[in-house]
Each structure stands twice: as C-alpha cells, then as structure tokens.
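Engineer: Listed below are the residues making up each chain.
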Amino acid sequence: MRKALLFGLMAAALAAPAMAQKKYDPGATDKEIKIGNTNPYSGPASAYGQIGKAIAAYFKMVNDQGGVNGRMINFISYDDGYSPPKTVEMARKLVEQDQVLFLFQTLGTPSNTAIHKYMNAKKVPQLFVATGASKWNDPKHFPWTMGWQPNYHTEGMIYAKHILQTKPDAKIAILYQNDDYGKDYLKGMEDGLGQKASMIVAKASYEVSDPTIDSQIVQLQASGANVFFQATTPKFAAQAIRKVYDIGWKPVHYLNNVSISVGSVLQPAGLEKSIGIITAGYQKEHSDPRFANDAGMNKWRAFMKKYMPDGNLDDNFNVYGYGVGQTLVQALKQCGDNLTRENVMRQAASLKNVQIDTLLPGITISTSSTDYAPIEAVQLQKFDGKRWELFGDVMSSAQ
Amino acid sequence: MKTGTKTWSVPVFWGLVILVACVLPFVVSNYHTFQLTLVLVYAIALLGLNILTGYNGQISLGHGAFYALGAYCAAILMDKASAPYWATVPAAAVVCLVAGFLFGLPALRLEGLYLALATFALGVAMPQLLKYHALEKWTGGVQGIVINKPDAPAFFPNMGLPLNPDQWLYFFTLAIMLIMFILAWNLLRGRIGRALVAIRDQHIAAEAMGIHNAFYKSLAFGVSAMYTGVAGALGAIAVQFVAPDSFNIFLSIVFLVGIVIGGLGSIAGAVYGALFIQFVPNIADEISKAAPWAIFGVFMIVFVYLMPTGVAGALRLITRRRAP
Chain S
2 MRKALLFGLM AAALAAPAMA QKKYDPGATD KEIKIGNTNP YSGPASAYGQ
52 IGKAIAAYFK MVNDQGGVNG RMINFISYDD GYSPPKTVEM ARKLVEQDQV
102 LFLFQTLGTP SNTAIHKYMN AKKVPQLFVA TGASKWNDPK HFPWTMGWQP
152 NYHTEGMIYA KHILQTKPDA KIAILYQNDD YGKDYLKGME DGLGQKASMI
202 VAKASYEVSD PTIDSQIVQL QASGANVFFQ ATTPKFAAQA IRKVYDIGWK
252 PVHYLNNVSI SVGSVLQPAG LEKSIGIITA GYQKEHSDPR FANDAGMNKW
302 RAFMKKYMPD GNLDDNFNVY GYGVGQTLVQ ALKQCGDNLT RENVMRQAAS
352 LKNVQIDTLL PGITISTSST DYAPIEAVQL QKFDGKRWEL FGDVMSSAQ
Chain B
33 MKTGTKTWSV PVFWGLVILV ACVLPFVVSN YHTFQLTLVL VYAIALLGLN
83 ILTGYNGQIS LGHGAFYALG AYCAAILMDK ASAPYWATVP AAAVVCLVAG
133 FLFGLPALRL EGLYLALATF ALGVAMPQLL KYHALEKWTG GVQGIVINKP
183 DAPAFFPNMG LPLNPDQWLY FFTLAIMLIM FILAWNLLRG RIGRALVAIR
233 DQHIAAEAMG IHNAFYKSLA FGVSAMYTGV AGALGAIAVQ FVAPDSFNIF
283 LSIVFLVGIV IGGLGSIAGA VYGALFIQFV PNIADEISKA APWAIFGVFM
333 IVFVYLMPTG VAGALRLITR RRAP
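Taken in order, these protein sequences are the chains called S and B. Number 400 marks the last residue of the first sequence (the working numbering); no jumps. Number 356 marks the last residue of the second sequence (the working numbering); no jumps.
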C-alpha cells in the first residue's frame with residue numbers, strides 16, 4: 002500500500018513539470034485543437050460560404066503537413082444561413098456541446114453582433130471575424146473579439162488621406178448606404194479629413210431597398226463637387242458608375258473595396274465607364290501579371306491545385322480564406338503548448354509584422370493588447386479599363 | 033367502449049408528455065435546453081399559423097412579419113423602456129392582435145392564392161421596414177438590438193431549486209405555451225372553431241348558416257397574429273438579439289412548412305412541426321455542407337409522401353388502427 006503511494010507520488014512529481022508546460026482549456030489536447038466556425042452555406046448570402054470551404058481546405062493542408070506544433074486542427078463549421086438566431090444556436094452548440102477551444106472567422110456583421118456579448122461573457126475567443134465593421138476593434142469592452150480585414154473606417158480614412166495629399170482643393174461628394182456599413186465609411190472619411198472635413202460639400206444616402214440611385218447622383222453633381230466617393234454595395238456601385246459617366250460628370254472617383262469586382266460591378270456598369278476609378282486593396286490578385294511568378298501566390302496556386310481542384314482561381318474568397326487561415330496558424334504556433342483560451346487571445350494580440358502569402362507586398366499583420374485590427378494598411382489601385390493597377394506606396398491610417 | 037378508452041388515454045398521454053418536458057432541462061445540457069426553448073417558441077408560432085391556415089383555410093406566406101413584430105415589441109420595450117421581460121409578452125400579444133386584425137380587414141377581399149401573395153408581400157417588406165431610417169431610433173436599424181438574458185426569480189433558489197437562466201427561460205416559455213395551447217383548444221373546439229372550419233370548407237354554406245364570414249376571418253387573422261407575436265417576443269428573449277436579417281421571408285416559408293409537416297388543422301401538429309423545423313435543418317447540415325437545403329428538401333418530400341396528413345394525422349391513423 003505504502004509502496005503504491007510512493008510510486009504514485011513519484012509519478013506525480015515526474016509528471017508535474019510536464020503538466021506545468023502543457024496547459025489546456027476545453028477543445029485542446031496533445032493531439033488536436035478544436036476550432037468552431039459558422040458560415041452561410043445556404044440562404045441569401047451563400048456566396049460567402051466559399052470562405053468557409055477555403056478555410057477548411059487550408060486546414061486540411063496544414064494537417065497533412067503535420068499540424069500545428071504536432072496537433073491536428075479539427076475545424077467544425079456549421080451553416081447559419083446568415084440568420085442571427087441560427088448563429089446564436091450554432092455558436093452555443095460549438096462552445097457548450099462540441100467544446101471548441103474558440104470560434105474563428107464567424108461570418109457577417111449581424112451574426113457576429115448576435116453572439117458578441119455571449120462570447121465575451123463566456124470568455125471564449127471570437128477570433129478574426131469575417132466582417133469589416135470597426136466595432137470588432139474594441140479590446141477594452143470586448144477583449145475576446147477580434148477582426149481581421151482592414152475595417153471600413155480605416156479604408157475611409159485612407160481615401161481621405163489620399164485626397165488631402167493629391168487634391169488639396171477638393172470638393173467632396175459622398176454617396177453611402179444608409180446602415181452601419183455605409184456610415185462606418187462616412188465616419189472614416191470625416192475622421193481622415195479631420196479639420197478639413199468641410200471639404201465635404203454634399204452627402205447623399207440610399208436604402209438597400211431603393212430601386213435606383215439616379216436622383217442622388219444628379220443631386221451630388223449639382224453640388225459642384227470634383228471628388229466623388231461612394232461607399233456602396235455591388236449593385237448600387239454599378240448603377241453609380243454608369244450614371245456618373247452618362248451625365249458627363251468627371252470627378253476623381255473613389256470606390257470602396259467591397260464593390261471592386263470586375264465581373265459583377267465594373268462589367269455591368271461598362272468597363273470604359275470605369276476607367277480611372279480608384280480603390281484600395283490588400284490582397285494579391287491571381288490575374289495580376291505582377292504576381293504571375295510571386296512566391297506567395299505560387300504557394301496559393303499549389304494549394305488550390307491540390308486541395309481545391311474545382312475552386313475558381315478568380316474568386317477572391319479563396320485568397321481570403323487562405324490568408325486568414327495562415328494568420329490563425331501563426332497565432333497558434335506562438336501559443337506553443339499553452340493552449341488556454343486566454344493564451345490564444347494573448348498570442349492573437351501579439352502578432353508582430355507577420356508575413357502572409359496572399360497579402361500585398363509591404364502589408365503585414367500586427368496586433369497588440371490595445372490594437373485589435375490586424376490589417377491596417379492598404380495600397381491604392383486604379384482601373385485601367387481591363388484590370389486594377391496598383392500605384393503609390395502601401396498606406397495606413399496610422400501614419 | 034372505444035370512446036371510453038380514448039377519453040382517459042389522451043389526457044394521460046399529454047400529461048406524460050408535459051411531465052417529460054418538465055424533467056428534460058435537468059437531464060440535458062444548457063445548449064439543448066436552449067434548443068428546446070426554441071421548439072416551444074416555434075410551436076406557439078405554428079399553432080398561430082395553424083389557426084389561420086389549418087382551421088380557417090387562409091394561406092399566409094407572411095407570418096414571419098408578425099413574429100418580427102412581436103420580437104421587436106419585446107426588444108424595444110426592454111431596451112428603451114426597461115420593461116421587465118415578462119411584461120413584454122402580453123404587450124406583444126396586444127400589438128400583434130391589433131395588427132393582425134387590421135391586416136385581416138383588407139385581406140378579406142382576397143382569396144386563396146391572392147391572399148398568399150398579399151401576405152408574401154408583407155413578409156418580404158418587413159425586414160426593409162425594420163431598417164427604415166425614421167424608425168432607427170427604436171429599431172436600431174440593421175444593427176438590431178441586443179437584450180439581456182433574464183435570471184430566474186429569486187424565490188426559486190430560496191426554495192432550494194437553483195435554476196440557471198436557460199432552464200428558467202425554458203420553464204417560462206413552457207408555461208406560456210401551455211396557456212396558449214389550452215386557450216386555443218377551448219377556442220377551436222367550441223362555436224368559434226366550428227365557424228372557422230365551416231368557412232374553410234364551404235364559405236357560402238357557412239354564410240347561409242348565419243356565420244358572419246368577414247368578422248370570423250378577421251378574427252382568425254388577429255388571433256393567429258397574436259399567437260405568432262407572442263412566439264416572436266419569447267424568441268427574442270431566448271436569442272437575446274433581434275435584427276432585420278433574423279426575419280426574412282424564409283422564416284415565413286419555414287413556418288408554412290412546419291404546419292404542413294406537423295399536420296394542418298391539428299393543435300398537437302404544431303409541436304411536431306416545431307420539432308421538425310428546429311432539428312431537421314441541423315441534421316441536413318451535418319449530412320452535407322454543400323447542399324443542406326437539398327437534404328432538407330428530401331426530408332420534406334419523404335415526410336409529405338409518407339404522411340400526407342402530417343405527423344399528427346399519421347399518429348391519429350396509427351392509434352385508430354390499434355384500437356380494436
């Protein structure tokens with residue numbers, strides 16, 4: 002009896018240092034890391050579901066290459082159909098039943114808003130959410146939630162900065178969608194102009210339900226503005242581009258990053274009508290000749306060939322999924338054997354100039370305990386009638 | 033003899049079901065308790081739609097709008113007026129009763145498919161109305177409203193019965209559901225219920241019998257909307273969040289699917305339908321990520337093919353065959 006006790010004590014003593022090094026919360030073991038996700042695989046926003054599929058394929062590649070610090074990633078992704086109540090249900094399932102270590106890349110502004118409080122009350126990370134609203138960068142009130150892509154506010158500030166540099170006498174007209182999305186851009190533009198906010202001579206908004214925005218464009222032109230910035234979604238962006246051209250208005254035209262698809266915005270509007278439009282990008286494009294032999298993009302192409310053989314190479318979402326997956330793997334590598342929820346959040350907030358294969362040269366990922374906005378830099382690009390041409394330096398709102 | 037066995041077996045059966053429903057939250061996880069709460073919520077909504085469609089024969093493709101109205105009533109009252117959560121349920125009931133009755137008046141002129149289209153328009157318009165900027169002060173626009181989860185009243189822990197918020201919400205919803213079901217049962221088996229069914233089956237004959245068609249049809253609309261609105265309020269409290277995107281047209285269609293699968297013109301059918309719309313999409317999602325709705329469709333076809341009168345109808349058939 003005593004012997005057994007002694008053995009037990011010895012075993013405990015031997016195991017103790019190992020125990021001290023390895024720390025786990027639910028969802029993490031020696032063998033695997035369980036990660037939860039919700040994506041709209043069905044419903045009105047199902048086009049975004051491609052991101053979830055690309056991420057799953059990326060993790061499969063990571064696992065085939067030996068996992069993260071020897072642990073396999075178990076990626077559990079559920080369909081929420083872009084419906085917030087469903088997101089709540091699925092997030093609860095992931096946290097309470099599947100016992101995932103954290104949620105990653107849950108998609109959609111309303112869906113993430115629905116679980117924002119819950120995740121922070123539960124102290125489970127809601128990491129690198131797939132939405133550009135600026136509210137995810139609020140470490141003081143919501144320390145368990147973090148975004149990834151440049152947020153709309155940052156993007157608006159960058160356009161303002163470019164206007165101040167290149168056109169000091171600008172008279173700016175703004176068209177924005179009347180919701181948090183459009184208003185984030187508007188506020189970014191105003192904050193970026195700072196004391197010169199009076200340069201904005203006209204503002205017009207539209208509802209997603211409006212059939213056209215023709216009258217808004219006419220009204221904005223009448224203000225005598227020589228710079229036009231639109232914070233719109235694809236359908237309205239196409240309408241605006243056409244209308245601006247058709248009424249013979251020739252402002253310097255800024256278009257937000259959400260609506261820069263050549264196929265679904267510029268072509269319907271007319272490619273020749275889109276020449277000269279300026280926007281901001283942060284990801285490499287497969288079709289851009291500059292990246293034809295780019296090392297990072299070649300890695301992405303190899304990934305696509307092996308893990309998503311049916312995937313569309315021109316679909317930005319595949320680039321996006323790869324990039325955000327790589328970011329997470331870096332954060333998990335930094336965690337080492339300390340896979341507690343707290344440490345995952347701490348490491349996600351200690352990324353220093355991380356290089357991602359699919360981000361534009363010069364754009365890296367940095368975070369800190371007071372900065373929950375991983376990508377804050379973008380590069381401007383201009384449409385030449387065929388494709389977007391990058392120009393100028395990488396810009397960030399910080400400098 | 034046959035009726036004799038039936039009269040006692042039915043209450044015993046439902047008594048057992050309620051007993052099981054009371055024990056469930058103590059044996060399953062909080063997450064499942066939350067799911068079951070949603071089932072109860074949907075059951076109330078489906079019962080509402082069933083009163084209109086199943087009993088009165090008016091097809092509505094827009095009940096998601098009344099659900100949204102109830103949900104927003106609860107959310108706005110809690111968020112702006114700091115009303116206690118339990119008080120929002122009767123408030124939502126009154127608002128939806130009035131709204132449903134008023135919508136029912138012009139809808140009287142529309143029959144069958146035309147009514148379906150009119151209600152469809154209501155369902156489609158609702159999310160956009162909720163985003164309308166003049167109402168943003170109250171509705172929160174696209175951002176929606178986040179509400180706090182209510183705790184169990186203090187006397188439960190004092191009595192030595194500690195309930196967590198999920199369990200409390202479940203029982204709260206269950207109690208309201210039972211009240212609503214008993215009310216519906218009383219309403220439908222009496223004079224009013226017979227009038228509604230008569231209108232459904234042969235409205236000219238019903239009129240000839242002295243039934244005031246217009247009044248009963250509007251009444252059915254109002255009561256139906258009230259049930260759905262109560263469900264909406266309870267749903268909002270359970271989910272703790274309302275946003276226009278939560279109440280798109282798909283919700284209305286899912287409700288219709290629910291009552292057809294559960295059993296048209298059957299009170300118990302609402303419960304079966306609620307179980308179906310809550311759990312089958314999850315099963316479909318687990319079977320295939322690529323085409324969850326295709327799988328859902330297969331389930332639907334199988335159900336409709338095997339049980340043309342809904343789950344309730346099939347069960348009725350089975351028990352009738354069993355009885356000698």
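Keep in mind the hints are simulated off the structure, nothing from the lab. Beta carbons are placed, not taken as given, at the ideal position from N, Cα and C, and that holds for glycine. Hints may be right or wrong, so weigh each one.
Below, a list of computed lysine-lysine pairs in the PhoX-like style, where the Cα atoms sit at most 25 angstroms apart [to be verified]:
#	chain 1	residue 1	chain 2	residue 2
1	S	K136	B	K181
2	B	K112	S	K306
3	B	K321	S	K136
4	S	K32	S	K334
5	B	K112	S	K35
6	S	K168	S	K188
7	S	K54	B	K181
8	B	K169	S	K184
9	B	K169	S	K123
10	S	K168	B	K169
11	S	K300	S	K274
12	S	K141	B	K181
13	S	K123	S	K168
Covered stretches of chain S (chain B as the covering partner; in silico rule of three or more C-beta atoms under 8 angstroms from a C-beta of chain B) [as the list claims (entries may be wrong)]:
#	stretch
14	83-91
15	174-185
16	236-243
Just the calculated beta-carbon pair ranges, DEER-fashion [stated by the list, open to error]:
#	chain 1	residue 1	chain 2	residue 2	range
17	S	P212	B	W118	51 to 61 angstroms
18	B	P122	S	K383	57 to 67 angstroms
19	B	T351	S	V330	33 to 43 angstroms
Engineer: A separate judgement is required for each hint: does it hold in the structure or not?
Structural biologist: Hints, one by one, checked against the model:
Taking the CA atoms of K136 (chain S) and K181 (chain B), the gap is about 22 angstroms. The hint holds against a cut of 25 angstroms. Among the hinted pairs, K112 (chain B) with K306 (chain S) is inconsistent with the structure: their alpha-carbon atoms are about 54 angstroms apart, more than 25 angstroms. Simply put, K321 (chain B) and K136 (chain S) have alpha-carbon atoms about 30 angstroms apart, too far for the 25 angstroms limit, and the pair is violated. Distance restraint check for K32 (chain S) and K334 (chain S): the Cα-Cα separation of roughly 14 angstroms lies within the 25 angstroms cut-off, and the hinted pair is therefore satisfied.
A threshold of 25 angstroms between alpha carbons decides the hint, and for K112 (chain B) with K35 (chain S) the separation of about 39 angstroms lies outside it, so the pair is violated. At roughly 20 angstroms between alpha-carbon atoms, K168 (chain S) and K188 (chain S) fall within 25 angstroms of each other, so this suggested pair holds. Using a Cα cut-off of 25 angstroms, the hinted pair K54 (chain S) and K181 (chain B) is violated, with the two alpha carbons roughly 34 angstroms apart. A distance of roughly 15 angstroms separates the Cα atoms of K169 (chain B) and K184 (chain S); the hinted pair therefore holds under the 25 angstroms criterion.
About 30 angstroms separates the Cα atoms of K169 (chain B) and K123 (chain S), which puts this hinted pair outside 25 angstroms; it is violated. At roughly 37 angstroms between alpha-carbon atoms, K168 (chain S) and K169 (chain B) are farther apart than 25 angstroms, so this suggested pair is violated. For the hint pairing K300 (chain S) with K274 (chain S), the CA-to-CA distance comes to about 35 angstroms; that exceeds 25 angstroms, so the pair is violated. Distance restraint check for K141 (chain S) and K181 (chain B): the Cα-Cα separation of roughly 22 angstroms lies within the 25 angstroms cut-off, and the hinted pair is therefore satisfied.
Distance check on the hinted pair: K123 (chain S) and K168 (chain S) sit about 49 angstroms apart at the alpha-carbon level, beyond 25 angstroms; violated. Look at the stretch 83-91 of chain S against chain B: 6 of its residues bring a Cβ nearer than 8 angstroms to a Cβ of that chain, three or more, so the hint holds. Against chain B, the stretch 174-185 of chain S contributes 4 residues with a C-beta closer than 8 angstroms to a partner C-beta. That satisfies the three-residue criterion, and the hint holds. Three residues within the 8 angstroms Cβ limit are the bar, and the stretch 236-243 of chain S against chain B gives 0, so the coverage statement is violated.
Checked against the given bound of 51 to 61 angstroms, the beta carbons of P212 (chain S) and W118 (chain B), roughly 43 angstroms apart, lie outside it. At about 60 angstroms, the CB distance of P122 (chain B) to K383 (chain S) agrees with the hint of 57 to 67 angstroms. The given range of 33 to 43 angstroms is broken by T351 (chain B) and V330 (chain S), whose C-beta atoms sit roughly 57 angstroms from each other.
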